[in-house]
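Peer 1: Could you put together the complete structure from these sequences and hints?
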Amino acid sequence: MSAIAMDAATLWWVLGTALTFLGLGVMLAAPALLRKLLAFNVMGSGVFLVLLALRPRGPDGVADPIAQALVLTGIVIAIASTALGLMLARRYHLATGRDSLPEDAPEGTDD
Amino acid sequence: MTEVFLLPLAVLLPLLMACCVHVSADRFARPLQWVGALGMATLVLALVAHDAPMRTVLGGWEAPLGIELVADRLAKTLLVFTLLVYAAVLLYAEGYFAQSPIEARRFRPLAWLLWAACNAAFLSDDLFNLYVTLELAGLTAVGLAALSGHPKALAAALRYLLAALLAANLFLLGLALLYGSTGVLSLRMLAAAVEPGTASLLAFVLLVTALALKTALLPLHTWLPPAHGGAVTPVSALLSALVIKVSFVILLKLWLHFAPVLDLVVLGQGLAVMGALAVVWGSLLALRQQRLKMLVAYSTVAQVGYLFLPFAWLRPGTPAAAVAFDASVLQILGHGFAKAAMFLAAGVLLRAAGRDGLEGLQGAASRQPLAVFALALAGISLIGLPPSLGFSAKWSMLQAALLAGQWPWVLLLLTGSLLTAAYVFRAIRYAFLPAPDVSELRPVPALMSYSALLLAVLAAFGGLGTATLAAWLEIEIAGWPEALP
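Protein sequences appear in the order of chains A and B. With our numbering as the guide, the letters of the first sequence map in order to residues 1 to 111. With our numbering as the guide, the letters of the second sequence map in order to residues 1 to 485.
Hints may be right or wrong, so weigh each one.
Unchecked claim - Straight-line alpha carbon distances no greater than 25 Å define the calculated SDA-like cross-link-like pairs of lysine to any residue that follow:
| # | chain 1 | residue 1 | chain 2 | residue 2 |
| --- | --- | --- | --- | --- |
| 1 | B | LYS152 | A | LEU94 |
| 2 | B | LYS152 | A | ILE75 |
| 3 | B | LYS152 | B | PRO101 |
| 4 | B | LYS152 | A | ASP99 |
| 5 | B | LYS152 | A | THR82 |
| 6 | B | LYS152 | B | LEU13 |
| 7 | B | LYS152 | B | THR222 |
| 8 | B | LYS152 | A | LEU86 |
| 9 | B | LYS152 | B | ILE102 |
| 10 | B | LYS152 | A | ARG98 |
| 11 | B | LYS152 | A | HIS93 |
| 12 | B | LYS152 | B | GLY354 |
| 13 | B | LYS152 | B | GLY60 |
| 14 | B | LYS152 | B | LEU83 |
| 15 | B | LYS152 | A | ALA8 |
| 16 | B | LYS152 | A | LEU28 |
| 17 | B | LYS152 | B | ARG288 |
| 18 | B | LYS152 | A | ALA95 |
| 19 | B | LYS152 | A | GLY58 |
| 20 | B | LYS152 | A | ALA80 |
| 21 | B | LYS152 | A | VAL62 |
| 22 | B | LYS152 | A | ARG35 |
| 23 | B | LYS152 | A | ALA30 |
| 24 | B | LYS152 | B | ALA104 |
| 25 | B | LYS152 | B | PRO387 |
| 26 | B | LYS152 | A | PRO102 |
| 27 | B | LYS152 | A | PRO56 |
| 28 | B | LYS152 | A | LEU34 |
Said to hold, decoys possible - Reference excerpt, derived from the structure (chain A facing chain B, CB under 7 Å, subset only):
| # | residue |
| --- | --- |
| 29 | ALA9 |
| 30 | TRP13 |
| 31 | PHE40 |
| 32 | VAL42 |
| 33 | VAL47 |
| 34 | LEU54 |
| 35 | ARG55 |
What the hints assert, rightly or not - Facing chain A, a subset of chain B residues (Cβ under 8 Å, in silico):
| # | residue |
| --- | --- |
| 36 | VAL132 |
| 37 | VAL142 |
| 38 | ALA157 |
| 39 | LEU177 |
Since the hints were derived computationally from the structure, they do not count as laboratory data. Remember, it's a predicted structure, so these values are computed and weren't measured experimentally. Here a beta-carbon is modelled for each residue, glycine too, at the ideal position from N, C-alpha and C.
Peer 2: Spelled out as structure tokens, the structure:
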């Protein structure tokens with residue numbers, strides 16, 4: 001029983017780490033703003049998985065309420081950040097017609 | 001007993017003010033702001049007057065489940081610092097936004113929200129709460145940076161937001177690793193529960209990287225100059241004086257808690273070396289700028305470098321530690337006052353000239369003597385001439401370096417001061433050139449120059465209070481245990 005629980009925790013841990021690095025890589029490499037914001041959310045989900053995998057149970061053996069509260073708060077913050085990012089990206093697109101920042105644009109642009 | 005009300009109020013009052021100024025009409029918002037600012041002044045004074053360290057558990061839930069607010073002397077110093085910067089910036093903003101009520105309406109609630117985030121960060125003793133305040137400050141700052149709605153400001157705000165989001169995830173990952181191994185979040189309990197070893201060090205390095213990115217330490221600084229230089233002037237002042245200090249103060253707090261338990265010698269030297277590179281590279285970039293606000297923004301990159309130098313000497317059980325701690329606090333205050341003053345003065349000069357190229361400053365010395373005086377006084381502090389706060393900070397760093405037997409840092413401090421003098425004088429030289437055309441002069445409310453001058457005077461003469469401040473703060477570092485093997 002405990003071996004199965006261990007395996008599950010390891011699975012979540014490995015998945016979480018993989019998602020974190022995937023998100024990190026795309027966030028740094030992808031030029032498009034929308035992709036960067038999506039990658040931020042993927043990376044965030046990875047971090048949440050790692051948090052829950054490292055702390056599945058509290059000291060008394062039941063699910064750790066603090067870890068779950070932290071992840072819930074984290075999700076709220078991530079949604080708020082994403083909303084702000086989408087709003088700014090949309091405004092930027094309306095103003096300039098661009099979907100990526102000038103420094104990240106694939107071809108050399110002015111400005 | 002009073003701390004039960006006072007500590008949460010330092011966060012609640014600005015939060016409440018943010019809501020009130022947002023919903024009230026313009027003619028009410030202005031007097032309301034002054035009532036709020038007076039309330040904050042009273043509150044901060046009451047906190048400082050209460051000499052003992054203050055602690056309160058929110059909602060009556062003790063740690064590890066609950067969240068603690070702690071007002072030690074470091075936090076109290078920072079609350080006063082924030083209050084002074086806000087007093088000047090809010091005064092200035094009334095003049096600055098007099099012609100553009102829409103921007104004023106966007107500025108007021110965000111500025112108050114940022115104040116709440118700053119105070120919460122300075123008072124929190126809980127790693128996750130620090131993460132939340134970091135996010136609150138970061139998102140508010142992004143909103144402020146995008147205030148004008150100009151495409152360039154939007155691009156700068158987006159770049160800033162992406163850097164902040166990346167930092168947030170890295171911070172959360174470090175937090176997850178620490179929480180996973182210890183099960184506590186209060187800094188005090190974390191420092192007691194954390195096991196020295198590679199895993200804890202990795203978690204700490206993640207936290208430090210996130211905070212260095214938020215503080216714009218070289219080579220993670222590229223988001224800063226467009227965001228700070230491209231924002232409207234009162235916002236530039238708040239971003240450079242306060243927002244980067246929030247992440248730095250969190251780093252300093254983590255360092256004070258973890259340095260006695262983890263082996264941070266190599267990390268400290270590494271941060272100091274990056275700081276040294278930032279001092280030189282940031283100053284060189286500032287020298288090459290053609291626009292006044294970009295010059296001031298690149299100067300922040302260099303001054304952030306100075307913030308990271310003391311980590312080379314902040315080791316428990318060494319004689320240099322106390323001096324290095326003083327140096328960090330003095331650099332926070334010195335750069336905060338001086339840089340805010342510089343941005344505010346630059347805003348006056350640019351508005352008078354109607355353009356933001358350095359050549360637009362010509363003749364400013366006779367047209368806007370107060371603003372040029374403020375710019376020069378702030379420059380004195382950045383260069384590090386006595387009796388400024390900047391001088392005290394650099395003098396403390398010099399002392400710490402010599403106490404630790406690391407004299408090469410002295411050369412860096414001298415080089416940094418020379419480079420700073422070069423870019424400050426470059427800006428001031430333009431101000432003393434004869435004006436090409438007097439008819440271009442535009443009127444600027446005198447209030448704006450006076451608020452810039454207020455901060456500049458604090459920066460330029462604050463060094464006189466160094467000994468008092470150091471004696472007052474001594475207790476925060478004296479409690480450090482000897483270094484563990």
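Peer 1: Of the numbered hints stated earlier in the document, which are not met by this structure?
Peer 2: 2, 6, 13, 14, 15, 19, 21, 25, 27, 29, 30 and 32
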